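Quick note, the sequences are listed as chains L and B, same order. Under numbering that gives the first Met the number 0, think of the first position of the first sequence as 0, with each following residue one higher. Under numbering that gives the first Met the number 0, think of the first position of the second sequence as 0, with each following residue one higher.
Some hints here could point you the wrong way.
Unchecked claim - Cβ-to-Cβ under 10 Å is the rule here; a few derived chain L residues that face chain B: (1) 30; (2) 33; (3) 65; (4) 67; (5) 71; (6) 92; (7) 132; (8) 134.
These are computed hints drawn from the structure, not numbers from a lab. These numbers come from a predicted model, not from an experiment. The beta carbon of each residue, even a glycine, is placed where N, CA and C say it ideally should be.
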Amino acid sequence: MAAIGLETGKAIFNILSGDSTLTTLIGGAGNIQPSAIYTSSPKKGVYYDVLAVDNEYTKTADKPGLTKVTLQIESFMPKYADAISLAVRVQHLLDKISEGTYNTIKIQSCVLDSQTTDFDGENKFYYIESTYRLRIID
Amino acid sequence: MAIQNATNVVLSVTSGGSKQEIAHCTSASLSVSMDLRDSTTKSSGGWQANLGGLKSWELSGEGFVEIAGVSGKADSEELFTTMIAGAAVSCDFGLSGMLYRGDAIITSFSLDAGVEENATYSISLTGTGTLTQNP
Chain L
0 MAAIGLETGK
10 AIFNILSGDS
20 TLTTLIGGAG
30 NIQPSAIYTS
40 SPKKGVYYDV
50 LAVDNEYTKT
60 ADKPGLTKVT
70 LQIESFMPKY
80 ADAISLAVRV
90 QHLLDKISEG
100 TYNTIKIQSC
110 VLDSQTTDFD
120 GENKFYYIES
130 TYRLRIID
Chain B
0 MAIQNATNVV
10 LSVTSGGSKQ
20 EIAHCTSASL
30 SVSMDLRDST
40 TKSSGGWQAN
50 LGGLKSWELS
60 GEGFVEIAGV
70 SGKADSEELF
80 TTMIAGAAVS
90 CDFGLSGMLY
100 RGDAIITSFS
110 LDAGVEENAT
120 YSISLTGTGT
130 LTQNP
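Please model the entire structure based on the sequences and the hints provided.
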């Protein structure tokens with residue numbers, strides 16, 4: 000086995016879509032998607048990207064049992080206060096989450112690394128970019 | 000020419016009753032040195048002269064810590080126990096075709112644990128007696 004960092008999104012969707020407070024804010028779990036905001040009809044929602052996957056190799060023949068993942072989550076809302084509320088809710092759900100298996104993905108830890116606020120003038124959305132660091136184990 | 004991939008060069012230590020690779024190893028090194036005996040005389044022409052003296056060798060290794068222990072490997076807890084016992088243990092360094100073997104005593108053991116980092120251990124061993132190449 001090996002820890003597969005690219006599948007981190009499966010766990011993130013599982014965690015976020017299971018929270019009714021968050022899905023109510025964005026109008027349904029369908030608005031939690033990988034990197035899909037820049038479409039012809041952008042919608043409010045939570046969008047996630049795997050920015051980096053760093054495998055931890057050792058001298059054994061085994062595949063890496065630990066993968067560090069840098070994940071960016073963007074919280075898009077038409078109103079600034081709502082964008083903040085959404086990002087805060089995501090932080091509440093992900094930051095320091097308990098070690099466990101989420102939709103077959105074993106998360107050892109997840110911590111919030113940094114956050115920035117911005118405005119998408121073309122699509123008229125405020126958005127918060129939050130970067131999380133995860134440790135995925137096999 | 001095939002330059003050796005260092006990943007395959009491992010350190011094995013007799014720990015827990017059998018010789019085993021150190022667990023979750025991320026680095027291993029061997030250092031061999033020799034003291035010199037000053038043999039400078041008045042006829043050395045102003046240059047220091049030396050003769051070979053005592054030879055010595057050291058091993059070191061680092062790896063990740065796994066609390067539950069690692070079956071078939073010398074994990075950090077076993078290495079600590081081996082160090083406290085204080086006896087020399089048989090060690091191998093290298094891989095098939097490039098193997099160095101000798102008895103050594105674990106002279107240092109350390110653990111390092113930061114925030115959101117891998118917990119790591121490191122050991123150093125000092126050889127006692129002959130280091131044999133490709134035994």
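To see whether the hints hold, each was checked on the structure:
1. Taking 10 Å as the C-beta contact cut-off toward chain B, the hint placing residue 30 (chain L) at the interface is violated, the least distance being around 30 Å.
2. Interface hint at residue 33 (chain L): violated, since its Cβ lies 24 Å from the closest Cβ of chain B, which is beyond the 10 Å cut-off.
3. For the restraint placing residue 65 (chain L) at the interface with chain B, the shortest Cβ-Cβ distance is roughly 7 Å, inside the 10 Å limit, so the hint holds.
4. Evaluation of the residue 67 (chain L) hint against chain B yields a held restraint, the C-beta minimum of about 9 Å falling below 10 Å.
5. A least Cβ separation of about 17 Å between residue 71 (chain L) and chain B goes past the 10 Å threshold, and the interface hint is therefore violated.
6. Look at residue 92 (chain L): its Cβ only gets to about 18 Å from chain B, farther than 10 Å, so that hint breaks.
7. Interface restraint check for residue 132 (chain L): the shortest CB-CB distance to chain B comes to about 6 Å, inside 10 Å, so the restraint holds.
8. About 8 Å separates the beta-carbon of residue 134 (chain L) from the nearest beta-carbon of chain B, less than 10 Å, and the hint is met.
Hint compliance for this structure: hints 1, 2, 5 and 6 are broken, all remaining hints hold.
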